[in-house]
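Chains R and U are the protein sequences, given in the same order.
Under our numbering, the first residue of the first sequence carries the number 203, and numbering increases by one thereafter.
Under our numbering, the first residue of the second sequence carries the number 765, and numbering increases by one thereafter.
Calculated directly from the structure, the hints in this document are not laboratory data.
Hints should not be assumed to be uniformly reliable.
Unchecked claim - Label pairs and their calculated CB-CB ranges:
| id | chain 1 | residue 1 | chain 2 | residue 2 | range |
| --- | --- | --- | --- | --- | --- |
| 1 | U | Ala978 | R | Ile269 | 53 to 59 Å |
| 2 | R | Glu346 | U | Asn1057 | 38 to 44 Å |
| 3 | U | Ser767 | R | Gln583 | 21 to 27 Å |
| 4 | R | Lys253 | U | Thr948 | 33 to 39 Å |
| 5 | U | Asn1057 | R | Glu416 | 29 to 35 Å |
| 6 | R | Lys253 | U | Ile852 | 46 to 52 Å |
| 7 | R | Val337 | U | Ile848 | 43 to 49 Å |
| 8 | U | Lys1042 | R | Leu230 | 30 to 36 Å |
| 9 | R | Pro261 | U | His795 | 51 to 57 Å |
| 10 | U | Lys806 | R | Pro517 | 54 to 60 Å |
| 11 | U | Asp1039 | R | Gln465 | 49 to 55 Å |
| 12 | U | Ala985 | R | Arg526 | 48 to 54 Å |
| 13 | U | Gln798 | R | Leu230 | 29 to 35 Å |
| 14 | R | Gln583 | U | Asp828 | 36 to 42 Å |
Owing to the predicted nature of the structure, the values given are computational and were not obtained by experimental measurement.
Cβ coordinates follow ideal geometry from the N, Cα and C atoms, glycine included.
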Amino acid sequence: MKRRQRYGERAVAEEGKKKRLSNQEIVLVTYVFLILFLIMIAFLAYFMYKKAPSYVNNPYNANRQAILEERYTRGDILSADRQVLATTVEEDGAEKRYYPYGEIFAHIVGYNGRGTSGIEQMENSSLLSSHNNPVEMFTNELLEKKNKGDMVVTTLLTDVQEAAFDGLGEMKGAVVAIEPSTGKIIAMVSKPCFDPNYISEIWDEIVSEEHSSEAVLVNRASQGLYPPGSTFKIVTLLELLRENPAMAEEFSYNCEGVYTEGQWSIKCAHDAEHGEQNLSEAFANSCNGAFVAIGRQLSFRNVYRLCDDLGFNSPLPTAFPSSRSRFTLKDDGDIGTVMQTSIGQGETLVTPLHMALIMSAIANKGKVMEPYVVDHVVSSQGNQVSSSSPRQWRRMMSEEEADQLSDYLRAAVTDGTGSAAQGEGYNVYGKTGTAEFNSSGDTHAWFVGYAERTANTPELVVCVLVENGQSGGDIAAPICRKVMDAYFGR
Amino acid sequence: MVSLVTDISRYLIIIIIALYTGLNFYVLRKHDLQWQDRVCKKQVQLVFLFHFLSFLIIFMRTEDPWMMVYYLIQWSFFMAYRLIYSAIYPNCSKVILSNTMMLLAVSLVMLTRLDMGKSRRQFIYAMAAAVITLVIPLVIEKIQFLSKLAWLYALVGIGLLGLVWRMGNTTYGAQLSFSFGGVTLQPSEFVKLSFVFFTASMFRKKQSFARAFATTLIAAAHVLILVASTDLGSGLVYFLSYIFMIYVATRNWKYLAAGSGMGAAASILAYQIFDHVKVRVAIWKDPFADYNNKGYQLCQALFAISSGGWFGLGLYGGIPNKIPVVTKDSIFAAICEEMGMIFGICLILIYLGFVIQMFWVSTWMDSLFYKIVGFGLAVMIGAQTILHIGGITAMIPMTGITLPLISYGGSSLISTMIIIGIIQGLHLMKQKEVDYIGRRAEELYEETPTLRGESGSRGR
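Excised from the complex, chain R in its bound form (with noise of 0.2 Å):
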């Protein structure tokens, strides 16, 4: 009686086992789409969040951005120093968008009508956007009142800004202003330029055929690729600093104003024969014999490695379109173009904007913050919506290797052919440059530097490139100088 009962008991124990065991796959792909359901979730959760902005800005999307203008009133565009350099007036009774600066700010902060660039574009769904208080927004919809979208503080300065615009006065050529420590962009000027307020009436003549060689509506300074000439010098030693100390320390070149090599020769910029220079004064009078003789003695597979560690061929951490500068000789078998290469001819090419970054590497012990114009976003109330905080790109260099080459970059200031760039009340690192760009002898003329008030406290980079400029001191330098003076005057 006893074991029949065991028996049944264990019967049914079995028989329920057996039902579960059934239905245990089933469960187990129960699981598997609720997983699977709840990643779609999370991925959409994350694409509202990371990426729906970038889409609501992307130009292909115009006529949904339509529709948010109809329910917002773009928001303010504001420099560093808190002035107006974007704003939405009413204008008989339609929405105008107005750039008191005018041609000044023409492509950092860039236009809106014809579709959008600049900072116009790039934050465009937050001046679409608002944060104001919700009561307040929700009942304006009621009212099918408009919201204000959120204002965007920059960190551009007018003065700083000013003074570059002026500085170009009516060359073609571009200004970027970078603070080293932080990647704050505070000045960046590309001309020719054009005035954003009438860009609807202007479209049709700069987009012509006759115009379209000036390039108008291009941002020279972050998307113009030009020859760096003997900006690229300092490329040249810090290699001969890293291969061949030795080198360097006893470097002795006698300077007949022409270095000859077989079939090829490289003469000195204006004629000018330097003499017996040691290495300081190769690079302060930039003298293209020394640095062909150096370029003759370097490994160019290391310059290429370290031309990759300086970002060329590499796209800018940027928010806003620029180009990436190109360096192409990976050895040494062409004597030609590597003597071409060692003083920035040949194949290189870079955008100012990269050429102020490599010098911010110095100023800033060798390391490179990412380069940002938008500091933070704010309702039109002031609430706080967003902000940028300085984030490093890469380290370009050591400490004691850019603390060397500041050395010869102040050199290259106060004894050589950079001296038109030093102020009142602030001492100047920097270098020039005069590229060929064309086989009839025309250059470009660059200076590139950095100036600190307080010894090792570099605040401001600044690369000037003058399209077509002749003569990077005579030209280029100056600007860097008014820009400067504009900066630390404030």
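Dock chain U against chain R, hints included.
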């Protein structure tokens, strides 16, 4: 005034869908069916409220008095559907019933906003499907030989798919349908059913390797024909449901592993061989590379979803008609644009609850045949939902597939309604058994004096 009403309604709709979604999971807490029915009554009220508010917005935006008439007709349909269904099948799953109504309501609202003509046609399909599928639970319950027609299912399935492949109309680069007498039919939607029935019939008694092999060959033929007709979405849905079904039937994880491995190998192969597969992957990686041509649909969908934000632009506030194939393969993007991402996520959760309910019903089944049928159909609905939503949001490459019950299309709607009918049939079968056991227990109680505690009085 118009914007006052429409704006308040817009936010109310989000609250309603969130409440509804909450109830959808709350109902899983207790197995007590009477309690569940009470919860579902609340869900149905929310469906009607959603439907009313949406049509209020539609009416205020279009200022078309016919919309009120249209609303009333739809309202009557939903009322009648629920009353008749619960009257004929008092023991049906009320959760599945209210989910069906909710998803249909979302579909009709969205289609009315997007394309009135399609909305009207879809409404007619919905009414037809509702009437036809009224008998499905009865068929499942009463007809015994359904599990013995394996070869007929295989013949019909492969025959229909083959016919479309060779002779079908080409839409958006895929052979999906053929038409006769003005009616366009998409057989892959119906072959879904025969496919699941085929697999279930094959495995109902034996799960030997030889049987699995033969079944797999025929299943693979289905999938290959679909891939050859470039109907990648359906091919993938069939494939996924098959490998999960064989796993549940054989209770051997090795089949699942082998199936997944073969699937992965096949997709790599398909990527190498078929250009249309390569194109889909390329679009997914970078929709902007070919913006004006192949990437256009996905870009527009992503713009729509992004611009909608969490709360949506409101019905008629966006421009969802810019998205290609908006009423079918892209409808989720249109929903997100105008109703917002919160609504979209709630919708995903409703589908999840729906699928879990279906899996749950299949676990009750004692017969392996019915278990596999219920399970396989649930996988189909779940996979289709993931492929549609994942594809249109660029989480996975787009396969071009409809969203069950919401996308426009008669074939898709009717086949989904049949699937729901089958699941209801399974539910009823089990319910009947439970009732029988309950009644039998009571009878036993009455008949056996010892159970009533009268044994004590007899004494010993």
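The hints, checked one at a time:
The given range of 53 to 59 Å is respected by alanine 978/U and isoleucine 269/R, whose C-beta atoms sit roughly 57 Å from each other. As the Cβ distance of glutamate 346/R to asparagine 1057/U is approximately 39 Å, the hint placing it in 38 to 44 Å holds. For serine 767/U and glutamine 583/R, the Cβ-Cβ distance of about 22 Å falls inside the hinted range of 21 to 27 Å, so the restraint holds. Range check, lysine 253/R to threonine 948/U: Cβ separation about 37 Å, and the 33 to 39 Å hint holds.
For the pair asparagine 1057/U and glutamate 416/R, the beta carbons lie near 32 Å from each other, so the given range of 29 to 35 Å is met. Our hint of 46 to 52 Å for lysine 253/R and isoleucine 852/U holds, since their Cβ atoms are close to 48 Å apart. For the pair valine 337/R and isoleucine 848/U, the beta carbons lie near 46 Å from each other, so the given range of 43 to 49 Å is met. Between lysine 1042/U and leucine 230/R the C-beta distance comes to about 34 Å, which sits within the given range of 30 to 36 Å.
Judged by the Cβ atoms, the range 51 to 57 Å given for proline 261/R and histidine 795/U holds: they are separated by roughly 56 Å. Separated by about 55 Å at the C-beta atoms, lysine 806/U and proline 517/R satisfy the suggested range of 54 to 60 Å. At about 52 Å, the beta-carbon gap between aspartate 1039/U and glutamine 465/R stays in the expected band of 49 to 55 Å. Remark: the range hint 48 to 54 Å for alanine 985/U to arginine 526/R is upheld by a beta-carbon distance near 51 Å.
For glutamine 798/U paired with leucine 230/R, a C-beta distance near 30 Å keeps the hint of 29 to 35 Å intact. One distance hint, 36 to 42 Å for the beta-carbon pair glutamine 583/R and aspartate 828/U, holds here, with the actual separation near 40 Å.
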